[in-house]
Amino acid sequence: MQAVDDPMPLTLADVTIRLAERTLLSVSATVMPGEVLTVMGPSGSGKSTLLAFAGGFLDPAFRASGRILIGDRDLTEVAANERRAGILFQDPLLFPHLSVGGNIVFAIPQTVKGHKMRRQLAEQALEQVGLAGFFDRDPETLSGGQKARVALQRTLVSGPRYLLLDEPFSKLDTALRQQTRALVFSKAKAAGVPIILVTHDGADAEAAGGRVIEIGSETEA
Amino acid sequence: MYLTAGNGLLVIILGLPVLAGIAGTILPAFGYLPALGGFRPTMAHLAELAGQPHLLRSVLVALAAGLITTFAALAIVGTFIAGFAGTPIFARVHHLVSPLLAVPHAAAAFALAFLIAPSGLLLRLVSPELTGFTRPPDWLLPNDPLALSMIAGLVTKEVPFLFLVTLAGLPQLPLRRARHLMAALGYGRLSGFLISLWPTLYRQVRLPVFAVLVYSVSVVDVAMILGPQLPATLPVRIAHWAADQDLRMRFLASAGALLQLFVVFVAIGAWLVLERLGKLALTFLTRAGTRMRRDILPRAVSGLAMAGCAAIIFSGLGALFIWSVAGLWPFPKALPGTITAKIWLRTLPQISEPLLTTVALALSASALALVIAISLLHRNGRGGNAASYKLLYLPLIVPEISFVFGLQILAISIGFTPAFPSVLAVHLLFVLPYALLSLSAPWREFDPRFEQIAAGLGKMPLRVLLTIRLPLLFRACLTAFAVGFSVSVSLYLPTLLIGAGRLTTITTEAVALSAGGDRRVIGVYALVQAALPFLAFLVASVAPQLLFRNRRAMRM
Amino acid sequence: MIGRARQFITAAMLALGFAGEAAAIDVNDWNSVVAEARGQTVYFNAWGGAENINAYIKWAGDEMKARYGVSVVHVKLEDTAKAVATVVAEKTAGKDHDGAVDLIWINGENFAAMKREDLLLSPDWATKLPNWAYVDHENKPTVLTDFTIATEGLESPWGGAKLVFFYDSARTPSGELPDSAAELLEWAKANPGRFSYPQPPDFIGTSFLKQVLTELIDDKTKLQKPVDEASFAADVAPLFVYLDKLTPLLWRKGKAYPQNYPDMKQKFADGELDIIFAFNPAEASAAIANGELPNSVRSFVFSGGTLGNTHFVAIPYNASAKAGALLFANFLLSPEAQLRKQDPKIWGDPTVLSLAKLPAAERQAFEALDLGAATLGPDQLGPALDEPHPDWMTRIEAEWTRRYGAAN
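Chains X, V and U, in that order, give the protein sequences. The first sequence begins at 1 in this note's numbering and counts up one residue at a time. The second sequence begins at 222 in this note's numbering and counts up one residue at a time. The third sequence begins at 778 in this note's numbering and counts up one residue at a time.
Treat the hints as calculated values from the structure; they're not laboratory data. Since the model is a prediction, treat every value here as computed from it, not as a measurement. We put the beta carbon where it would ideally sit given N, CA and C, even for glycine. Some hints could be false.
List time: in silico BS3-like cross-link candidates among lysine-lysine, alpha-carbon distance up to 25 Å [stated by the list, open to error]:
(1) Lys563/V x Lys1032/U
(2) Lys892/U x Lys905/U
(3) Lys147/X x Lys116/X
(4) Lys554/V x Lys835/U
(5) Lys563/V x Lys1044/U
(6) Lys147/X x Lys189/X
(7) Lys1030/U x Lys1044/U
(8) Lys1032/U x Lys966/U
(9) Lys999/U x Lys1030/U
(10) Lys999/U x Lys892/U
(11) Lys563/V x Lys1122/U
(12) Lys1030/U x Lys966/U
Here are some chain X residues the structure puts well away from chain V; computed CB gaps all over 10 Å [to be verified]:
(13) Pro42
(14) Asp74
(15) Arg84
(16) Gly86
(17) Leu93
(18) Ser99
(19) Ala107
(20) Val129
(21) Ala132
(22) Arg154
(23) Asp173
(24) Arg211
One side only, chain V facing chain X, incomplete, derived with CB under 7 Å [to be verified]:
(25) Gly341
(26) Ala640
(27) Pro642
(28) Ala646
(29) Met681
(30) Ala774
Using the sequences and the hints, build the whole thing.
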């Protein structure tokens, strides 16, 4: 994969997110490269807003304090497109107007020049997840598991500094979920970047095998 | 998120002419129009207005017709979408109805009149065989005092408009999921849709609904052709006053235009009350858990009404076409005795120049409007601060007749020579709101996660706009463009007044001729006029299909 | 720098229309008018509701281009008042030069209004036009008096008009035709629902009211003066007694009216109406030639006389192409243009020229015109009744609207 920089730890320093007067969550943690930090909480607990904060697209309705750092670099005020946060949502969200390969090529950093070179990289990325020959396919014709794998590769080829996983397995059926989960974690760890996973599924946390922070009113009470 | 200074400036530049136009109308209403010796504020013109015979009836008929039209059109569209969205019938009716948006209001009104008049096509088809009529019966139709034919004419035109703007918002709804869920809970299609999706959908089309309301309450051309005549509705009477040979009537016309503004406010107020009642009813329905499993009747009615609109306008256009090639065609013959291309041959050479002007105006106005709309929406960000550019909707919420006269005075006094750029500028004023209206709902409902992913991949906002958002909203953009195009094509008063008649379009030519009433010439112009926006919508519906023929998710 | 700035200012002034305003035009020096007109574009604001008239104007414009290098653009209006409104708006905005309207097809109320508001090119230019020499101002008093308002040379005559009725001889026997307003009422009793008139304030509709008023008023000379408030109610009483009787016998029982003459003509063609009327005696022949009416249509007038008037062209005070407009007005008066205009196959609008004043060849050409079977000859048109003062028109329109403006 494209490791643009040497992997660096991700630090959430005294991050607090509020909606109106209500404090949704308070988190302080450092995630080492290759490590997964799992944030668990029931739906509505605000765990997705933590990812939005980390990704740089927190809705202005929320108020956040604290800082987010990659290595020593403070990203708090940095625009989303300069943070290079790889994101996986519940839905694969492949760009429907591009081909499967087009989705990957779009993600390859602009520093990689040449149409041929970029295509080759994309084809390799597809091959790695068992989707050789899928380059020109319409994303809509793929199965759920296939889409999830394309989405994963799209994120990884962009050379992210850290990964944000927003319940990426919750919409897959059980068999597929385990398989995809294993793939995502192995590839993500292989990329050697810090990973934050939010989920409400204990099995996800278990598979991630890292620290677990529980948020949400039930656990706090 | 706050507006940038650039956006604020844009809003001022675009909103100001409207406000100035209103001022140019309000001042004469209170007696200020120096060119006609009006220097002193006076209530005399408003008093004169109040003294106009049968004024109340003119007001009430316009108000009632507007409200009924809007309600009926919305009910038909809502029921149809609720009952059929996602079915094969839906796609078929969609293709049937879309072209109707292209038909100019006046042409549609003529089409209806040509059908239902006592000497119209319908009666000709069955006479004298079934009716025994060898001469047209003395029936008061159209122009009936209750304005039923006018309402019918307006509904046939507003249904396609509402349908298409609703359709633009539909892909953003979790239609299939909601359908399955509600079906599983045992709800009928209608009640299921009504409870689960309608509130969101209605929020998206709310401004278009208000635009329909304002338009229907203020319409002039359709009311002239189909509406009651004794007395005519208020807007028609204002138009007559404004065109009166006696220049002092301008004061009365301005007072009338002010009253029209008030009538529109009342109509909007009444609609807000209706909305409240509708919400209560829906809440009640939801709480009661009414399943309404046997909803075949309302569904069928809405389907028939949708198809009926298409049938009326298409057969009316057919009638227009037959007239355009007719020789002498006495009643009760179902077809003209002789067919001739004379009218077409005589008219076409005269049409080429206005046609070119029309197309050039419409293309530049709608392209410009689309670019402005996109940059406004883009800069105002996700969710946007809609209130900050609400001013742009003024041309839609202010009845046209209430501010064009003032706008003309303004245009001349700031040195606008009647030429292409000034007419383009005023077209933009009307086209931009429609383009923005058409685009903003799908823009707002766009899944922000696509952009978040792209940003996470390191793409600059402009690049995300160009490579992700705009392609995904390609259909919505084209629809906005086509809407703008057809608005521009059908603009009459602004073109005439600001262009000082020097810039003729198909529409100014057609309306000038419609005063002459020759059905055959009207036929030619109406068909050409209808063909232009029709082409724009054709492009808007076919282009995404072609461009994304290998992308299933992009084709609806 | 200064040079640049001056250039800019000149350009700006040109754009705003301040520069380039020539000295006042002298109509008496016709050669200078012709010279100045060359290269100008004349925006002729004229009702555009009839294809045959539009085609005629196009022909006249093409001739202007070919002969004098003047371009004519026909600004097709649905209502002449729109052009008046343009000039009003320009005056309001202080745009006293370089106006958008160069020439207006006009008469009656619009002329009275523009004259009253000083919106017309003055002083007298119309009688200074070279072709004025042919105009029949001796026998056609309406050439000098437009609806009782003296024209004072502020508008140039273009064509004549006379109220004429049409019927279809295949449907209505000529022996049953009415010969006066009173007889028309009787006819309507025998043929309910087959007569109507365009809804006032439509010009033709109001003309019908004026025709009836002229026939029924106790003293016709009252109509040549502005309305006398004291006697107005009594003066118009016979008209409204008449209309009260006629209205229930009208098409749609008077609950709706044709919107204008062409609308009325269409309803005549459809067989909904049996008697209609127009201001152009050749209108029926033109409509037959055009396939709009069956060739069994014929004309008739009242032996006691029907309204007659003249229509004109006028130049706004702020016209951009005054010389071109003068030249065009003169061309429209030429025997050649007038002859073509009177041809029913082209338009059929009666000339304002005196045949006696024309050179022999032109006179013969006029006499040789085939006016068509549906057109009455000049000797059959009967006496012309004078148009009332515009005041009457406004007042009876208002009174009509008050009484009949809301059906049931």
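Hint by hint, here is what the structure shows:
1. Restraint check for Lys563/V and Lys1032/U: not satisfied, since their Cα atoms lie roughly 36 Å apart, outside the 25 Å limit.
2. Only pairs whose Cα atoms come within 25 Å are accepted, and Lys892/U paired with Lys905/U is accepted, the gap being roughly 19 Å.
3. Simply put, Lys147/X and Lys116/X have alpha-carbon atoms about 24 Å apart, close enough for the 25 Å limit, and the pair holds.
4. Under the criterion of a C-alpha separation no larger than 25 Å, the hint pairing Lys554/V with Lys835/U is inconsistent with the structure, at around 35 Å.
5. Proposed proximity of Lys563/V and Lys1044/U is supported: the alpha carbons are some 22 Å apart, at most 25 Å.
6. Of the pairs offered as hints, the one joining Lys147/X and Lys189/X holds, with about 20 Å between alpha carbons and a cut-off of 25 Å not exceeded.
7. For the suggested pair Lys1030/U and Lys1044/U, the alpha carbons sit about 15 Å apart, so the restraint of at most 25 Å is met.
8. Distance hint between Lys1032/U and Lys966/U is fulfilled; the C-alpha atoms sit about 17 Å from each other, no more than 25 Å.
9. Using a Cα cut-off of 25 Å, the hinted pair Lys999/U and Lys1030/U is violated, with the two alpha carbons roughly 32 Å apart.
10. Distance hint between Lys999/U and Lys892/U is fulfilled; the C-alpha atoms sit about 23 Å from each other, no more than 25 Å.
11. The suggested pairing of Lys563/V with Lys1122/U holds, with an alpha-carbon distance near 14 Å, which does not exceed 25 Å.
12. Between the alpha carbons of Lys1030/U and Lys966/U the distance comes to roughly 12 Å, so the proposed pair stays at or under 25 Å and holds.
13. Against chain V, the non-interface label of Pro42/X holds: every CB pair exceeds 10 Å, the least being about 21 Å.
14. The claim that Asp74/X is not at the interface with chain V holds, since no C-beta of that chain comes within 10 Å of its own (minimum 18 Å).
15. Annotated as non-interface, Arg84/X brings its C-beta within 10 Å of a C-beta of chain V; the closest such distance is 5 Å.
16. Chain V draws Gly86/X into its interface by the beta-carbon criterion, the shortest separation being 6 Å against a cut-off of 10 Å.
17. Not every C-beta of chain V lies more than 10 Å from that of Leu93/X, the closest at about 6 Å, which undercuts listing it as non-interface.
18. Some Cβ of chain V comes within 10 Å of the Cβ of Ser99/X; the nearest lies about 8 Å off, and the non-interface call is violated.
19. Not every CB of chain V lies more than 10 Å from the CB of Ala107/X, the least distance being 5 Å, so the non-interface label is violated.
20. Residue placement check: Val129/X keeps its beta carbon more than 10 Å from all beta carbons of chain V (closest about 18 Å).
21. Distance to chain V confirms Ala132/X as a non-interface residue, since its nearest Cβ pair spans about 20 Å, more than 10 Å.
22. Look at Arg154/X: its CB is around 7 Å from the nearest CB on chain V, not clear of 10 Å, so calling it non-interface is violated.
23. Here Asp173/X stays apart from chain V, with its beta-carbon at least about 16 Å from theirs, past the 10 Å limit.
24. In this structure Arg211/X is separated from chain V by more than 10 Å, as the shortest Cβ-Cβ distance comes to about 23 Å.
25. Residue-level restraint check for Gly341/V is violated (minimum Cβ-Cβ distance to chain X is 48 Å; threshold 7 Å).
26. Here the hint on Ala640/V is broken, as its CB sits about 40 Å from the closest CB of chain X, past 7 Å.
27. Using the Cβ-Cβ criterion of 7 Å, the hint placing Pro642/V at the interface with chain X is not satisfied: the shortest such distance is roughly 36 Å.
28. Because the closest C-beta pair between Ala646/V and chain X is about 34 Å apart, greater than 7 Å, the hint is violated.
29. Hint status for Met681/V: holds, given a least beta-carbon distance of 6 Å to chain X, under 7 Å.
30. Restraint check, Ala774/V versus chain X: the minimum CB separation of about 4 Å is within 7 Å; hint holds.
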